[in-house]
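All chains, full assembly: derive it from the sequences and hints.
Listed below are the residues making up each chain.
Number of protein chains: 2
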Amino acid sequence: MRSEPLVGDLSEKEILARISERTGRAENALVGPGDDAAVLRVTGSLIATTDTLIEGPDFRSEWSDGYSLGWKAAAVNLSDVAAMGGRPTALLVALAMPNDTPVSRVERIADGLREACERLAPGCAVVGGDLTQSSVLTLAVTALGDTGGRAPVLRSGARPGDTVAIAGEMGVAARGLGILFERFDGTAPDLSRLTPAERHAVERQLRPVPPLGLGVAAAEAGASAMMDVSDGLVLDATRLAEASAVTLDLDSGALGPDPQGALGGGEDHALLATFAGEPPEGFRPIGRVLAPGAARVLVDGAPFDGRGGWDPYRDWAGPSGS
Amino acid sequence: MRSEPLVGDLSEKEILARISERTGRAENALVGPGDDAAVLRVTGSLIATTDTLIEGPDFRSEWSDGYSLGWKAAAVNLSDVAAMGGRPTALLVALAMPNDTPVSRVERIADGLREACERLAPGCAVVGGDLTQSSVLTLAVTALGDTGGRAPVLRSGARPGDTVAIAGEMGVAARGLGILFERFDGTAPDLSRLTPAERHAVERQLRPVPPLGLGVAAAEAGASAMMDVSDGLVLDATRLAEASAVTLDLDSGALGPDPQGALGGGEDHALLATFAGEPPEGFRPIGRVLAPGAARVLVDGAPFDGRGGWDPYRDWAGPSGS
Chain X
1 MRSEPLVGDL SEKEILARIS ERTGRAENAL VGPGDDAAVL RVTGSLIATT
51 DTLIEGPDFR SEWSDGYSLG WKAAAVNLSD VAAMGGRPTA LLVALAMPND
101 TPVSRVERIA DGLREACERL APGCAVVGGD LTQSSVLTLA VTALGDTGGR
151 APVLRSGARP GDTVAIAGEM GVAARGLGIL FERFDGTAPD LSRLTPAERH
201 AVERQLRPVP PLGLGVAAAE AGASAMMDVS DGLVLDATRL AEASAVTLDL
251 DSGALGPDPQ GALGGGEDHA LLATFAGEPP EGFRPIGRVL APGAARVLVD
301 GAPFDGRGGW DPYRDWAGPS GS
Chain E
1 MRSEPLVGDL SEKEILARIS ERTGRAENAL VGPGDDAAVL RVTGSLIATT
51 DTLIEGPDFR SEWSDGYSLG WKAAAVNLSD VAAMGGRPTA LLVALAMPND
101 TPVSRVERIA DGLREACERL APGCAVVGGD LTQSSVLTLA VTALGDTGGR
151 APVLRSGARP GDTVAIAGEM GVAARGLGIL FERFDGTAPD LSRLTPAERH
201 AVERQLRPVP PLGLGVAAAE AGASAMMDVS DGLVLDATRL AEASAVTLDL
251 DSGALGPDPQ GALGGGEDHA LLATFAGEPP EGFRPIGRVL APGAARVLVD
301 GAPFDGRGGW DPYRDWAGPS GS
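Protein chains in written order, with our numbering: chain X, 1 to 322; chain E, 1 to 322.
Fair warning: there could be bad hints in the mix.
Any copy will do: because identical chains look the same in the list, a pair fits if it lies in one copy or spans two.
[To be verified] Cut-off 20 Å, straight-line C-alpha distance, at most; resulting in silico cross-link-like pairs (SDA-like, lysine to any residue):
1. Lys13 <-> Ser156
2. Lys13 <-> Gly24
3. Lys13 <-> Leu235
4. Lys13 <-> Arg239
5. Lys13 <-> Thr101
Source of the hints: derived by calculation from the structure; they are not laboratory data. Since this is a predicted model, take the numbers as computed values, not measurements.
Right, dumping it as structure tokens:
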């Protein structure tokens, strides 16, 4: 006898009912789930972004329970709204899953989506979605947000002389991923075997806590450019520098206790921004914007040729090189 | 030697470049693809909906080339915006695919997305998206639209005495699917072996042409309720009747030359609406709204118990029964 119902045992309507009783209500929703589409009040302009989590390339089921999956799918999308200087208002969730997925896993995904919204972006909630059958568990989330009447903060506005600043953790989620690969390959992570710092890193990898509210704060403080760091600080800084046609010079001494981890680490979804004036509270200066040079990103004034180019033995003797 | 590049041969940036040169520009986009998120101008309230096409349950690659897939993914989502009485303004596309997908297939998906927007919803285009690797080709599309200051048309507003009306084809796409299953199971459809009517049906199944502009027309004419018919006329009419707490009585004589096909057929994405007054041009009266009775949907005044309940031998002797 099976101990719990599977997705294939229930009708679409029954599954939707279990999801929608868990996802809460978006403050700006005029029409929520249940009609052909949701309808939302928008103040200013609309921000819209989509990002997908797929079993295999993006997560492993032995590491990510349903709650973590729902949380992460929400967090990474909400972060892209914050990175435009906006306030997230609603999520749409396209969930595709095998028929042998336990219904409890779907319910936990819904719980994770709701609690990430409540914690990271109060007022935001799931307003619609789609359920499909697939052999691969797939969460495609669209996040919507609001500029609140301010101009959106683009990647392209950094100007020479601006301060480069960051909000949020750097390198922690990447360290957590390393721990999962090294110590829990193929098994559920036993957090009791980890030090507090290791446990924190694993938790941040599975359930990132990006500094979402600081996106609006940066926009209000006149950020000239902003983006969220999802693929690694150097790689994303290179993108911002390219979009702005400038060079960014990062100060390794400002990158915390593990500068190498910070430069390579991505999935914390820190906010990288540039400011002509003083960065607002919550942002830490980590460098300055220069006129465009041969390299898009420098570390301590020396060329840094991207994620793969970081050689700790060659580059890590400090500003003087070796 | 391979004759053409595969997705796995190119970087994400190269694939994105090939897609974005094909997807056109949305009229209301303030910021298009390339930043953390898109930014859109909205007039009135925002309409948002998502729907996913997955290889296997939703399409077969031997029947649907990339162009048809892109077209259909756009059309079915745009139709949900129209069904709220809105004008579609933008699409976000999360595309997940195996590394051995030919790049030309991705390019044709982009072509299909663009041309469906141009033909069905001028001014609308892809404004953002996401690329991921998956073993199953998956297109999760979010469509955004605008109420233009009018109230959205919900499923719940039908009142006794209203006229039930429909715009668009009925049963044609379902007939096309039947032809594909019967005559081209496991092979590419050879349209030259089909009569013109059969070819039309197959084309409509693969590339539906919903009457999108009539969504706004219905809202302007004061439609009391509306939805798009995606799962079958009777099933969807039952949903509208439930949401409105009424009974719908459909007139089989108004359903065209194949009433049985019309009652069961879905994927044409016809617009089903109710009107207190005269339906606007493009809508055909097919019945009336009654006070709620034991059955949610009647056909010619007799109970009809849903999609599976239609028995042509028992029910199809006409209004008098048999």
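Verification of the supplied hints:
no., hint, result
1, Lys13 <-> Ser156, "between (45 Å within a copy, 18 Å between copies)"
2, Lys13 <-> Gly24, "within (18 Å within a copy, 37 Å between copies)"
3, Lys13 <-> Leu235, "between (43 Å within a copy, 13 Å between copies)"
4, Lys13 <-> Arg239, "between (43 Å within a copy, 11 Å between copies)"
5, Lys13 <-> Thr101, "within (16 Å within a copy, 34 Å between copies)"
Hint violations for this structure: none, all hints satisfied.
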